[in-house]
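Asks: Listed below are the residues making up each chain.
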Amino acid sequence: MTYLAKPKFHHPGLPKNELGYTHRDYEGTVSTLCAGCGHDSITGAIIQACFELAIEPHRVAKISGIGCSSKTPTYFLGNSHGFNSVHGRMPSVLTGANLANRDLIYLGVSGDGDSASIGLGQFAHCLRRGVNMTYIVENNGVYGLTKGQFSATADRGSKSKRGVTNTDNSIDMVAMALQLGATFVARSFSGDKEQLVPIIKAAIAHQGAAFIDVISPCVAFNNHLGSTKSFDFVREHNEAVNRLDFISTRMPIGLQQEPGTVEIVEQHDGSKLALRKLAADYDVHDRSAALGFLQHHAAKGQIVTGLLFVEKEAQDLHAHLATVEQPLNALGEKELCPGSAVLDKINAGLR
Amino acid sequence: MPTAAPLSRINDFVVRFANVNGSGSASANEMFARAIMRMGIPVAPRNIFPSNIQGLPTWYEVRVSEDGHLGARGGTDLMVAMNPQTFDKDIASIEPGGYLLYDSTKPYPASKFRDDITVIGVPLTAICNREYSDPRQRQLFKNIIYIGVLTALIDMDVAVVETLIAEQYRGKDKLIAPNIKALHIGRDYAILNLAHPIGLKLRKADKVGDKIFVEGNAAAALGAVYGGATVCAWYPITPSSSLADAFTKHCAKLRVDPVTKKAKYAIIQAEDELASIGMVIGAAWNGSRAFTATSGPGISLMQEFIGLAYFAEIPAVIFDVQRAGPSTGMPTRTQQCDLISCAYASHGDTKHIMVFPENPAEAFEMGAQAFDLADRLQTPVFVMLDLEIGMNHHLTRPFTWDDAKVYDRGKVMTFDDLEAGKDFGRYLDVDGDGIPFRTYPGTHPTKGSFFTRGTSRDRYAKYTEEGAPYVDNMQRLLRKFETAKDIVPKPLIANAAKPTKYGVLYFGSTAPAMDEAIHMIEGRGHAVDRMRLRGFPFHSSVNSFVADHDFVFVVEQNRDAQMRSLIVNECGIDPVRLVPILHFDGTPITARFIAKAIGDHLDQMTMKPAKVAS
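For the protein sequence lines, the chains are A and B, in the order given.
For the record, in the first sequence the residue sitting at position 181 is 181 according to my numbering, with numbers rising by one throughout.
For the record, in the second sequence the residue sitting at position 278 is 278 according to my numbering, with numbers rising by one throughout.
Hint data in this document are derived by calculation from the structure and do not stem from the laboratory.
No incorrect hints appear here.
Lysine-lysine pairs mimicking DSSO-like chemistry, simulated, CA-CA at most 27 angstroms apart: (1) K249/B <-> K345/A; (2) K6/A <-> K462/B; (3) K345/A <-> K405/B; (4) K334/A <-> K249/B.
Label pairs and their in silico Cβ distance ranges: (5) A494/B <-> A330/A: 39 to 49 angstroms; (6) G55/B <-> H237/A: 57 to 67 angstroms; (7) K422/B <-> L225/A: 53 to 63 angstroms; (8) L225/A <-> K411/B: 48 to 58 angstroms.
Glycine residues also receive a C-beta, built at the ideal position from the N, C-alpha and C atoms.
All chains, full assembly: derive it from the sequences and hints.
Replies: Below, the structure is given as structure tokens:
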């Protein structure tokens, strides 16, 4: 309902998180996407995840490229700075921003048109550098804003709304992320909030390059029979390897799971991931096995979802560059300028 | 005997070394240039090199000028011809009366030489084969041996060269003695076998003073360190790569916390120029001072992002070390050919800030100042270097820094400002200079956040495609550009001794050649006022300079008179009054070229009819 202004008041009894913020404090403006768009569900999941993690809303930088998905940062975290950059270039803007201030949380939001075509290079390189971020691709296999052309993640053989069959092979961004060295790789479905919210929470807590591919059906152009990114198709072919519970550093572990089916993964910041394993043979720390598992299931037409890989001792770009703990944007003349005495010595060395 | 009188000059000549690249000649040749500087004689070396790693011709030219004329002169007085591939051409390029030093191990027929030059043969290969058994040593020491020969031929102080060898191999002390030995092998051969000194001689002087000897790229990078840059994102491209390399080296020395050993900087070699400018914009948006270094092809690739930074008003510093275009052009040759592609970079209506350093000293100063300009104006700033300044050593005044200087971070609203209830409109012009306030991400829990976008927006950063707020915003950007006119480096004027109707505008690496050319032009009986442009947009004094003269020459190193176009376009000047003087063959512009071009024009303009028709 894009023409309605969002009401400012809210119920006094709304639940508050540890910082005293309500769910509403994590919202943005009203979505201008189509009613029923999968992307709006992802927006909801991001809001839910940030609320539950009790993040200070202004300590997030939300950065996107161009397209329907890249419009969504307006719809969540209204007190965060946002940056809607240029097509496919979210990763470089986010990398630069992250270098400038390592203390903020970086949320990169992109789509399959943005990241799998013009942005494929930047997608690859920010993952291999290990930028500490949560990189979400809202993947619908289609160009929505320009009215329904195939994107590079559309499956070969899938049909467009106009009846055209896609003859190009599809790009699996999850497989690429694994190959490129992302230290947290997951796939989820916009229609499965129970799976998606804990994955986003875990990705935010992850101190490295976290990539989440979220299948997000396009109700306008890619939700018909013959599409492999429709709600019905994804529900029927979803093969979840695990279900995740995220336990922050502040929460005690109180799982009521059967022993043997739960694996606790501790992340660098002390947070814990409780994985309820659905596929008994799936090892979430084995990068190459994850690739094989994906391909094996893809051949059977199944879409594997869940947390597919996490590196326990992940390192980020700042660790690689050995930068100071203080954000670079907080350094002033005193820390940065060597001064005239040093310059005199430099001059002397140039004679 | 040569048919032309052998040149006889003291401290005023050009030596050119013709080598094969990858042969190790560069360090020996550079030592030769340094030795002259250490003798107190101003010197200007230039590397003329191919886009190649090994095997192609390369030249190293050393201009010696006690008068301090350090632009390229043109012509060669003494050719050290060590490359058989270019031997004939090298000999042809020697000035009449000049000298040739060549390797006479293999005899050449007399027809190979000219009869108007002095030919000096030294059997360098034979000497090396006799002295050394290792092929690599034979090659490397050959370079030092010809330097030794030269010390005798032109009266170079051999003790100075010995000191330089000791300095160069400090820490690898084993190499000092063999190099000094090689130097003397050459020197002794010359003393015993050759007429020496020749007509070109060095004589100790005191004309260097406290000047320093440094490449423009290294100076610009040091400027970035002093200017407070913390993020550098770049992609390798000749001739700018050495700027990023120098920043890396400077930072490793100057920007590492002595206690924690942690870096107060971040340098990323990006995947391409698109990513490097994206990172710069991301970092600057987030409150760091950030830059990239590139050349023409990189500027082409960055266009889209530069438009975003202009429209979304994000500071960015771009060092453009220009090379000859278009396309890949001549990647190792110099030009000033990116003026228009930088001034109006990106689609839609855009205008950008440029500064034009003339030498490494200004590259340092403007390299630092660019960050203040970018923060103050919240827009991209181009530092327009070129291969001539960037990749050659120049004798330049020493770097200076005022320790009382505080970085100008521009209009940034703080937590306290927001808390105090100041009205924050990201694109709101509060005081008429066209520059709005910005906030850094993460400043305040409930105030001051905004959405940065390349789409149109109102004064409070709210998306809109309505005409009125769009026009309002575009007009404000023009006001900001007006503000810039008074804060970019101002042009410098040097008036002729007597009043004249003629002026000349020039900028960047043309400066030393122009300073020398003016004497030659005066020698032809003409007077010309000079203005050196240092910033874009143009200061109002550019308009008045043109208004004060009937004709103004615009000297530049490109085909299309790009600076002249900018002046016509931005200052609304009748193009007829701006006479283009264009040099664009990829070599640095020379005083001879400028003096001839302007002198010939002025001869015609001031010509009086010899006879009045009856």
